[in-house]
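Participant: Those protein sequences? They're chains A and B, same order as listed.
Using my numbering, you'd call the opening residue of the first sequence number 1 and step up by one each time.
Using my numbering, you'd call the opening residue of the second sequence number 112 and step up by one each time.
Watch out, some of these pointers could steer you wrong.
To be verified - Think about it this way: if two alpha-carbon atoms lie no more than 30 Å apart in a straight line, the pair counts; the simulated DSSO-like pairs of lysine-lysine are:
#1 A:Lys69 - A:Lys3
#2 A:Lys98 - A:Lys52
#3 A:Lys69 - A:Lys52
#4 A:Lys52 - A:Lys3
#5 B:Lys182 - B:Lys122
#6 A:Lys98 - A:Lys69
#7 A:Lys98 - B:Lys182
#8 B:Lys168 - B:Lys182
#9 A:Lys103 - A:Lys3
#10 B:Lys122 - A:Lys98
#11 B:Lys168 - A:Lys98
#12 B:Lys168 - B:Lys122
#13 A:Lys103 - B:Lys122
#14 A:Lys69 - A:Lys103
#15 B:Lys168 - A:Lys103
#16 B:Lys168 - A:Lys3
#17 B:Lys125 - B:Lys168
#18 A:Lys3 - A:Lys98
Note that these hints are calculated values from the structure, not bench results.
Each chain, letter by letter, is given below.
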Amino acid sequence: DAKTTQPTSMDCAEGRAANLPCNHSTISGNEYVYWYRQIHSQGPQYIIHGLKNNETNEMASLIITEDRKSSTLILPHATLRDTAVYYCIVRDANRDDKIIFGKGTRLHILP
Amino acid sequence: DTGVSQDPRHKITKRGQNVTFRCDPISEHNRLYWYRQTLGQGPEFLTYFQNEAQLEKSRLLSDRFSAERPKGSFSTLEIQRTEQGDSAMYLCASSLETRAGYTFGSGTRLTVV
Numbered sequence: 001d002a003k004t005t006q007p008t009s010m011d012c013a014e015g016r017a018a019n020l021p022c023n024h025s026t027i028s029g030n031e032y033v034y035w036y037r038q039i040h041s042q043g044p045q046y047i048i049h050g051l052k053n054n055e056t057n058e059m060a061s062l063i064i065t066e067d068r069k070s071s072t073l074i075l076p077h078a079t080l081r082d083t084a085v086y087y088c089i090v091r092d093a094n095r096d097d098k099i100i101f102g103k104g105t106r107l108h109i110l111p
Numbered sequence: 112d113t114g115v116s117q118d119p120r121h122k123i124t125k126r127g128q129n130v131t132f133r134c135d136p137i138s139e140h141n142r143l144y145w146y147r148q149t150l151g152q153g154p155e156f157l158t159y160f161q162n163e164a165q166l167e168k169s170r171l172l173s174d175r176f177s178a179e180r181p182k183g184s185f186s187t188l189e190i191q192r193t194e195q196g197d198s199a200m201y202l203c204a205s206s207l208e209t210r211a212g213y214t215f216g217s218g219t220r221l222t223v224v
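Pulled out of the complex, with its shape left as it was, chain A reads as follows (with noise of 0.2 Å):
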C-alpha cells in the first residue's frame, strides 16, 4: 500500500512556482522520499529523490521537513509541459524495495 497522502489536484498559473505537498507521517528512517510524474499517455518519469537533505536538480527542488513526515516538490517555474499526475512515494532503497505508487496529485498549469 503507498504510505503517502497526496491532494487529488492542484491548479498553478504558468510562469509561478508549483509547490507539490506529501505527507508521510509513517516514513522510517531507511526509506527515502521519491517523486516521479506521468504527462499524459506517457510511462512516468523519475524527477528527484531524497533522505534528509534538501535535494535540487535540473528539474525541481525537494524540500524535506526536518521530522521527515513530509516534503515538497517544487516546480520553480512552471510550464504548460508540467501539466502532469506527480506521485510522492516512500521507499526503502537500500532493502531495494520496489516502488508503489499511490493516485498521485493531478497538476494543471494554467496559461
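Given chain A, put chain B in place with the hints provided.
Facilitator: Same frame as chain A, but now just chain B:
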C-alpha cells in the same frame, strides 16, 4: 542512451487470445520491472528481475501471466487466454542500482475486445 523501449505500443486482441509484449531496458541496467496501469490509477507492480532472475511477483500476476528475461537483457510479458479485465497499459522500467530512480518506457496499451 536510447531509453527503455516497449513493443508494441498498442495491441487489440480478442478475448481468449494470447498476447506477448517485449521490453528492451537501458543496456547497462540490471534491474527490470513490469507494472500495469488502468485508467485513473497509479501503476501497479507486477514483477521484478535482477539480471535473468525473477525475484518477486505480485499477487496480481495470475497464472495466466508469465514474464521472462532469458539472458538478462530484454524481457517478455505473456498473457494467456486474455480477459476484458486485462485491458490496461503495461509499463516496463529498468534501473541500475538500488537507490537509482527507475526509467520507464512508454508502455504497451492492451485492449481486449
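Participant: Evaluate each hint against the coordinates.
Facilitator: Okay, the hints, checked on the actual structure:
{"no.": "1", "hint": "A:Lys69 - A:Lys3", "result": "11 Å, holds"}
{"no.": "2", "hint": "A:Lys98 - A:Lys52", "result": "20 Å, holds"}
{"no.": "3", "hint": "A:Lys69 - A:Lys52", "result": "10 Å, holds"}
{"no.": "4", "hint": "A:Lys52 - A:Lys3", "result": "17 Å, holds"}
{"no.": "5", "hint": "B:Lys182 - B:Lys122", "result": "25 Å, holds"}
{"no.": "6", "hint": "A:Lys98 - A:Lys69", "result": "21 Å, holds"}
{"no.": "7", "hint": "A:Lys98 - B:Lys182", "result": "22 Å, holds"}
{"no.": "8", "hint": "B:Lys168 - B:Lys182", "result": "19 Å, holds"}
{"no.": "9", "hint": "A:Lys103 - A:Lys3", "result": "11 Å, holds"}
{"no.": "10", "hint": "B:Lys122 - A:Lys98", "result": "27 Å, holds"}
{"no.": "11", "hint": "B:Lys168 - A:Lys98", "result": "11 Å, holds"}
{"no.": "12", "hint": "B:Lys168 - B:Lys122", "result": "24 Å, holds"}
{"no.": "13", "hint": "A:Lys103 - B:Lys122", "result": "25 Å, holds"}
{"no.": "14", "hint": "A:Lys69 - A:Lys103", "result": "19 Å, holds"}
{"no.": "15", "hint": "B:Lys168 - A:Lys103", "result": "21 Å, holds"}
{"no.": "16", "hint": "B:Lys168 - A:Lys3", "result": "20 Å, holds"}
{"no.": "17", "hint": "B:Lys125 - B:Lys168", "result": "26 Å, holds"}
{"no.": "18", "hint": "A:Lys3 - A:Lys98", "result": "13 Å, holds"}
Violated hints for the displayed structure: none, as all numbered hints are satisfied.
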